[in-house]
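Number of protein chains: 2
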Amino acid sequence: MLRKNRLYTPGPTQLLPAAQFAMAAANVHHRTADFRALYQRVLADLKVFVGTQNDVILMAASGTGAMEASVANLTSPGDRVLVLTAGKFGERWTALAKAYGCTIDEVSAPYGETFSLEAVRSALKPDTRVVFMQGTETSTGARHDVKGVAQLLKGTDTLLVVDAITGLGTTHFDVDAWGVDIIIGGSQKAVMIPPGLAFCAVSERAWKRMETSKQPKYYFDLRKERKSAAKGESAYTPATALIAALGAALDYIRESGKGDLAKGREVLVNNAELAAEMTRAGAEALGLKLFAPHAPAAAVSAILSPGGMDSSELVKRFRDEFGAVVANGQGEMKGKMIRIAHLGYYDYLDTIAIVAALEQIMAELQPEKVKFGNAVRAAQQVYAASRAEKRALVTA
Amino acid sequence: MLRKNRLYTPGPTQLLPAAQFAMAAANVHHRTADFRALYQRVLADLKVFVGTQNDVILMAASGTGAMEASVANLTSPGDRVLVLTAGKFGERWTALAKAYGCTIDEVSAPYGETFSLEAVRSALKPDTRVVFMQGTETSTGARHDVKGVAQLLKGTDTLLVVDAITGLGTTHFDVDAWGVDIIIGGSQKAVMIPPGLAFCAVSERAWKRMETSKQPKYYFDLRKERKSAAKGESAYTPATALIAALGAALDYIRESGKGDLAKGREVLVNNAELAAEMTRAGAEALGLKLFAPHAPAAAVSAILSPGGMDSSELVKRFRDEFGAVVANGQGEMKGKMIRIAHLGYYDYLDTIAIVAALEQIMAELQPEKVKFGNAVRAAQQVYAASRAEKRALVTA
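Heads up: the protein sequence lines correspond to chains A and B, in order.
For the first sequence, our numbering gives the first residue as 4, with consecutive numbering after it.
For the second sequence, our numbering gives the first residue as 4, with consecutive numbering after it.
None of these hints come from the bench; they were simulated from the model.
Wrong hints could be hidden among the right ones.
What the hints assert, rightly or not - Derived EDC-like pairs: lysine to aspartate or glutamate, alpha-carbon spacing no greater than 20 Å straight-line:
#	chain 1	residue 1	chain 2	residue 2
1	B	Lys7	A	Asp254
2	B	Lys374	A	Glu287
3	A	Lys7	B	Glu276
4	B	Lys7	A	Glu269
5	B	Lys393	A	Asp254
6	A	Lys101	A	Glu116
7	A	Lys374	B	Glu287
8	A	Lys7	B	Glu269
Unchecked claim - To spell it out: a stretch of chain B is covered by chain A in this simulated footprint if at least three of its residues, at any positions, have a beta carbon under 8 Å from a beta carbon of chain A; those stretches are:
#	segment
9	42–49
10	187–194
11	316–328
12	352–358
13	383–390
As the list claims (entries may be wrong) - FRET-style restraints, in silico, Cβ to Cβ:
#	chain 1	residue 1	chain 2	residue 2	range
14	B	Arg34	A	Gly334	56 to 66 Å
15	B	Ala265	A	Lys319	54 to 64 Å
16	B	Arg34	A	His175	57 to 67 Å
The structure displayed is predicted, hence computed values, not measured ones.
We put the beta carbon where it would ideally sit given N, CA and C, even for glycine.
Next up, chain A with everything else stripped away, as it sits in the complex (with noise of 0.2 Å):
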């Protein structure tokens, strides 16, 4: 059959077409009138969609350039910060933090595992100066709790460091009442257009901080980008046509939310939930095992690759039948689990279609193990569950 072309790669994920077009027809510079009016309301909008009272920061980088930010802004050298690291991208924080001479503590869990609360609590030292951490670690599929790790926090000087780019549009997170100091997010995730911004809101206790700060730094400079935002425009050239999308993409989650962008942030958490479980079940109806069962994602579902098999020839077989990208594990754990995205731009067909694929590959693999079918209704009952959920909420 023909193939389209679909990313159900935890970032890039799936281009909000509205999107694309406004990115195409961005034929602007940036110092002008338009520009300008066009980035005060995105910095405004993305304030509504982190859900923060909080600046926020948006930047021409990946999101790892947000990430080194926010260690190049808030810490000194020498100083001890404290990683909470399950992942690949929990070991990235503690890389970061080694890049710039902090001295580091770390709590970790096994991947496919979140930290226990009291491991955190006892790592935690009065020179503590920041705590980094994931709000969904992308590579294994967990959810770690950002909330908990917070509480512990209250009442202290340490500041709490969110990289909630995958997070961000598949957790419900309260920033403020919380108090995340900084929360990062990247273009191309939840927010369903390209790679190439990222952007981070900063508490007033995180702009104190970043007064301190003795690590060189020029163009993460986050406080040159809050002076030059307050004029609505960045310190160095934007990368417009990605914030055209990217302010289209705000629109489409307003839509979404009836035309309240902080209800339509709640509706593309909610769509990412009932779409990994949607996942999970058709998964698990199949035999497969989920590479984080205890503390699973709505971001991305981590789906083990059953005994023995390469999952680099279930990904092939995604891309060579269906045109569907599913992502393969990272490092160490290539080979060993395929994992699907739920954030930003996936609906009920796309996701009942990605499990039905899971199904007709296996069966491929495995006749004598799979009766077609049996994912997909468990899929579907899930979603006829959370229909009649919802029914009874309007009811009641």
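Please build the complex by placing chain B on the supplied structure of chain A, with the hints as guidance.
This is chain B only, laid out in the frame that chain A set:
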């Protein structure tokens, strides 16, 4: 969940993104060398797509425009013509022939059926000047036997005109060998672009007949268009952006045939055949009846709504719940069926997903009758069998 807007209607059909982008980029004047090059390339490609050595004429019109052009160019008032009709589009031929004062014979079959060749043979008279028919009756989902009718006309002076607006790209036609004098296509069908263009391939016999036609015509004067086309132009202002889109779509079809456009056309037809077979199997597994079970078209499947249920409710649920636009019945068939299209840009994921959505809707309407997964299983089995067959062919 989120709802993507997806057309499963038998025209307009789902758009090819590459064609959308080509359309958006088409900033061109039509009396320039650039546009002439595009126009000539599209006309040449259309010949291959239709599968003919005959000249192809392209016009800014809906498919009905090319139907009218056929009547206006091939007949004179009072001419005896035979219309083969088994649905709303067959009836359109009668209406057109009547508008132009032809003497009309009809062979009709009930909606959902096709006419017998014996009846056609009996209805042909020595002075029948033209036979008008459909390749696929879009309103009922039935396929007519163009080859069989063409064979009845061999050795006579009777011309054959086929409305293949939904037939092209969903049925294997051998236009020149069979002796089809005019075959008509439209842009919003298997070529995956928006409405606005009609095209037709015209035989030498048909060009000759036009010399004697006494019908009034101006915009639809095919001989005038032929003269312009020879110079790489259209007689009147062409729909430039749609023609750019059509060029991109034909490129896509060529790529689907690994660089061979004729092979790409076969791929497209086989794709529609398989999608239609999967959909029919899914519907039947749900206990639903097909409206045209004896000669089902690959362009569109007409599925009867179960006893007493208004199909408008099904159409509405597809739209409201899943963002999927399926067609209702046309005219007096409205409320009795839904029609799901397979022509053009539909892949496995689109097909299995619409079957799953149909199952989800039916389970909500008739929970006692539907066991989740059965419809999808039936479609998956069709797909698996086609894969096995393909492997057997490769091995043999």
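Evaluated hints:
Pair hint Lys7 of chain B plus Asp254 of chain A holds up; C-alpha atoms about 15 Å apart against a cutoff of 20 Å. Between Lys374 of chain B and Glu287 of chain A, the direct Cα distance comes to roughly 19 Å. Compliance with the 20 Å bound is thereby established for this hinted pair. The hinted pair formed by Lys7 of chain A and Glu276 of chain B meets the criterion: a straight-line CA distance of about 17 Å does not exceed 20 Å. For a cut-off of 20 Å, the pair hint linking Lys7 of chain B to Glu269 of chain A stands: about 18 Å separates their Cα positions.
Proposed proximity of Lys393 of chain B and Asp254 of chain A is contradicted: the alpha carbons are some 46 Å apart, above 20 Å. At roughly 24 Å between alpha-carbon atoms, Lys101 of chain A and Glu116 of chain A are farther apart than 20 Å, so this suggested pair is violated. Restraint check for Lys374 of chain A and Glu287 of chain B: satisfied, since their Cα atoms lie roughly 19 Å apart, inside the 20 Å limit. Only pairs whose Cα atoms come within 20 Å are accepted, and Lys7 of chain A paired with Glu269 of chain B is accepted, the gap being roughly 18 Å.
With 0 residues having a beta carbon nearer than 8 Å to a beta carbon of chain A, the segment 42–49 of chain B misses the requirement of three or more and the stated coverage is violated. Taking a C-beta to C-beta cut-off of 8 Å, the segment 187–194 of chain B contributes 0 residues in contact with chain A, too few for the three needed, and the coverage statement is violated. With a cut-off of 8 Å between beta carbons, the segment 316–328 of chain B has 4 residues touching chain A; three or more are needed, and the interface restraint holds. Check on the segment 352–358 of chain B: 6 of its residues sit with their Cβ under 8 Å from a Cβ of chain A, so the three-residue criterion for coverage holds.
Judged by the Cβ-Cβ criterion of 8 Å, the segment 383–390 of chain B is covered by chain A as claimed, because 5 of its residues qualify and three suffice. The supplied range of 56 to 66 Å is met by Arg34 of chain B and Gly334 of chain A, whose beta-carbon atoms lie about 59 Å from each other. The hint said 54 to 64 Å for the Cβ distance between Ala265 of chain B and Lys319 of chain A, and at roughly 29 Å that hint is violated. For the pair Arg34 of chain B and His175 of chain A, the supplied restraint of 57 to 67 Å holds, since their beta-carbon distance comes to about 59 Å.
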